[in-house]
Amino acid sequence: MYGLFLRHFYLITRSFPRILDLIYWPSIQITLWGFISNFFASHTTYYNNAVGVILTCAILYDFLFRTSIGFNMLFLEEIWSRNFTNLFIAPMKISEILISLIFTALVRALIGLIPAVLLTSPLFGISILELGIYLFFLFLSLYIFGITLGILVSAGLLRFGPSFENIAWSTMFLLAPFGCIYYPIEILPDIFQKIAYMLPLVYIFEEARNILINNTVDISNLIQAYMLNMFYIIISITLFFYSFNKARDKGTLINIGE
Amino acid sequence: MKTLVEVQNLKKNYGDKQAVKSISFKINENEILGLLGPNGSGKTTTIGMMLGLLKPTSGEILVEGDKIEENRIKILQKINFISPYIELPKKLTVKQNLIVFGKLYKIKNLNDRIDYLTSKLRLSDILNRITGELSSGQKNRASLAKSLINNPKVLLLDEPTASLDPEIGDFIRSFLEDYKKEKKISILLASHNMNEVTRLCKSILMMKDGIIVDSGSPANLIEKHGRKNLEEVFLKLSRSPNEHN
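In order, the protein sequences belong to chains A and B.
Residues in the first sequence are numbered consecutively from 1, following the numbering used here.
Residues in the second sequence are numbered consecutively from 1, following the numbering used here.
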């Protein structure tokens, strides 16, 4: 028994990402649900006129989640199947690899999204299509941010190898409290608000709620979200290329597949 | 004889550790060059640099006169690799895998190429089977088909017959001999199977601690070191102190 305990203890203590993983999940869950509970306790009438707001935001967040995780999964699949080296010795530019993964992640996310959207109407009498043409812009913005996170995590996998895998699963949950998915930004403490305003998610979810609850459109929220998206995607692509070069220097591209 | 690959003063450092210490060699057209050495001698690092997976600390690798660091994509069109440490995606059928890699290498007349390789490598019966469900020998032949999908001029083989039964191992060796003769390709063979190296290679490089400690034909090396076979030469060189350090 002690031997089996040691086997896992050595594994945990040898990897900082694993330790972080153990600390991180309870902290994130408590933070997220703490803010949600706090909001509902003090704003009981907020959602009275828009029953579908929570469900709509949940679908939007799930699309973001699926896009980001979908991108990471494509990368992780190659590592798990030990096909990683085959991919990187094929005559493909790094930009071509990125573009093909970005497109495939979209297809994966849509496969998950379409049944969810279709189910909400017969089950709950709610249609996300009530967001109108702006739904497209909200989805596009979420897609860009999901891809950005996916590229950032893949850059980490390239740079640090499979031990970075746990981070791949947890990025979305880290951002969830700051994304203000189910509550307005005002519910966050000031310091968290400052962080939240640096993310496009706040503007996207604020705008979704604004359209559904107030029946108005604040185009500046969408513009702000797209500007932040452009900033972060440029950083993530730059980091991916940097990580690829570092991986070539440090030998991760060979070791990651073994 | 035309030189296809030229490695010049190649070095690779990982921090303070020198994995490869200024090695130079050539691989000619229609030649199988053996790369021998104990584990950790720098073979995989050398192959990694030849595939563009690793950035050399210094030195050059030229394939048909093009430097790999400047023409990575162009060179990867002409080169391929097989190793027991990398596999084809397990959930795809053999045929799907060959189609995927054929598309990645932008192969024209892909169906003809797949038909040719599957008949040569006895894959026809398992073409529609899931790769992950195949035996080691079948997976190995499927991987070999993938490594030849682009009709490479240079093939890098890392332990191509490791963990195979003698019959399949012999089939792979015969196939490689025939294929090299037919296509006049260059092959770099890293192997710990001395009988295999003696049979396939006209010339051998012996690596130890990141340097080439000896080279020559199997017969010359056996005679030079006064041993009965290549395995004894390998053991002698592996166990002797490195004079070059």
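Please note that a few of the clues may not be correct.
[What the hints assert, rightly or not] No more than 30 Å apart at the CA atoms, straight line, and that leaves these computed lysine-lysine pairs for BS3-like:
(1) B/Lys17 x B/Lys67
(2) B/Lys67 x B/Lys90
(3) B/Lys236 x A/Lys93
(4) B/Lys180 x A/Lys246
(5) A/Lys93 x B/Lys184
(6) B/Lys153 x B/Lys181
(7) B/Lys153 x B/Lys183
(8) B/Lys21 x A/Lys250
(9) B/Lys103 x B/Lys74
(10) B/Lys184 x A/Lys250
(11) B/Lys183 x B/Lys95
(12) B/Lys106 x A/Lys93
(13) B/Lys67 x B/Lys55
(14) B/Lys21 x B/Lys95
(15) A/Lys246 x B/Lys120
(16) B/Lys183 x A/Lys250
(17) A/Lys250 x B/Lys228
(18) B/Lys184 x B/Lys120
(19) B/Lys90 x B/Lys228
(20) A/Lys93 x B/Lys224
(21) B/Lys184 x A/Lys246
(22) B/Lys67 x A/Lys93
(23) A/Lys246 x B/Lys228
(24) B/Lys236 x B/Lys103
(25) B/Lys180 x B/Lys153
(26) B/Lys236 x A/Lys246
(27) B/Lys11 x B/Lys236
(28) B/Lys106 x B/Lys17
(29) A/Lys246 x B/Lys183
(30) B/Lys120 x B/Lys108
(31) B/Lys55 x A/Lys93
(32) B/Lys11 x B/Lys90
(33) A/Lys93 x B/Lys228
(34) B/Lys74 x B/Lys55
(35) A/Lys246 x B/Lys95
(36) B/Lys78 x A/Lys250
(37) A/Lys246 x B/Lys74
(38) B/Lys103 x A/Lys93
Just so you know, the hints here were simulated from the structure itself, not pulled from any lab data.
Each hint tested on the structure:
1. B/Lys17 x B/Lys67: holds (25 Å)
2. B/Lys67 x B/Lys90: With Cα atoms ~34 Å apart, B/Lys67 and B/Lys90 exceed 30 Å; violated.
3. B/Lys236 x A/Lys93: violated (44 Å)
4. B/Lys180 x A/Lys246: Not satisfied, since the Cα-Cα distance of roughly 36 Å exceeds 30 Å.
5. A/Lys93 x B/Lys184: Satisfied, since the Cα-Cα distance of roughly 28 Å is no more than 30 Å.
6. B/Lys153 x B/Lys181: With a Cα-Cα distance of about 12 Å, the restraint between B/Lys153 and B/Lys181 holds, given a limit of 30 Å.
7. B/Lys153 x B/Lys183: holds (8 Å)
8. B/Lys21 x A/Lys250: holds (16 Å)
9. B/Lys103 x B/Lys74: holds (16 Å)
10. B/Lys184 x A/Lys250: With Cα atoms ~34 Å apart, B/Lys184 and A/Lys250 exceed 30 Å; violated.
11. B/Lys183 x B/Lys95: holds (23 Å)
12. B/Lys106 x A/Lys93: The hint holds at about 13 Å.
13. B/Lys67 x B/Lys55: holds (12 Å)
14. B/Lys21 x B/Lys95: violated (41 Å)
15. A/Lys246 x B/Lys120: violated (40 Å)
16. B/Lys183 x A/Lys250: violated (35 Å)
17. A/Lys250 x B/Lys228: Violated - the C-alpha atoms of B/Lys228 and A/Lys250 are around 40 Å apart, more than 30 Å.
18. B/Lys184 x B/Lys120: holds (16 Å)
19. B/Lys90 x B/Lys228: violated (43 Å)
20. A/Lys93 x B/Lys224: Since the Cα atoms of A/Lys93 and B/Lys224 sit roughly 47 Å apart, the hinted pair is violated (cutoff 30 Å).
21. B/Lys184 x A/Lys246: Not OK: B/Lys184 and A/Lys246 at ~36 Å, beyond 30 Å, violated.
22. B/Lys67 x A/Lys93: The hint holds at about 17 Å.
23. A/Lys246 x B/Lys228: violated (46 Å)
24. B/Lys236 x B/Lys103: violated (46 Å)
25. B/Lys180 x B/Lys153: holds (10 Å)
26. B/Lys236 x A/Lys246: With a Cα-Cα distance of about 37 Å, the restraint between B/Lys236 and A/Lys246 is violated, given a limit of 30 Å.
27. B/Lys11 x B/Lys236: This hinted pair holds, its Cα atoms lying about 25 Å apart.
28. B/Lys106 x B/Lys17: violated (39 Å)
29. A/Lys246 x B/Lys183: With a Cα-Cα distance of about 36 Å, the restraint between A/Lys246 and B/Lys183 is violated, given a limit of 30 Å.
30. B/Lys120 x B/Lys108: holds (19 Å)
31. B/Lys55 x A/Lys93: holds (16 Å)
32. B/Lys11 x B/Lys90: Roughly 35 Å separates the two Cα atoms, so the pair is violated.
33. A/Lys93 x B/Lys228: Not satisfied, since the Cα-Cα distance of roughly 49 Å exceeds 30 Å.
34. B/Lys74 x B/Lys55: Holds: B/Lys74 and B/Lys55 sit about 17 Å apart, inside 30 Å.
35. A/Lys246 x B/Lys95: violated (34 Å)
36. B/Lys78 x A/Lys250: Holds, at roughly 25 Å.
37. A/Lys246 x B/Lys74: With Cα atoms ~22 Å apart, A/Lys246 and B/Lys74 stay inside 30 Å; holds.
38. B/Lys103 x A/Lys93: holds (14 Å)
When the structure is compared with the earlier hints, violations turn up for hints 2, 3, 4, 10, 14, 15, 16, 17, 19, 20, 21, 23, 24, 26, 28, 29, 32, 33, 35 and for no others.
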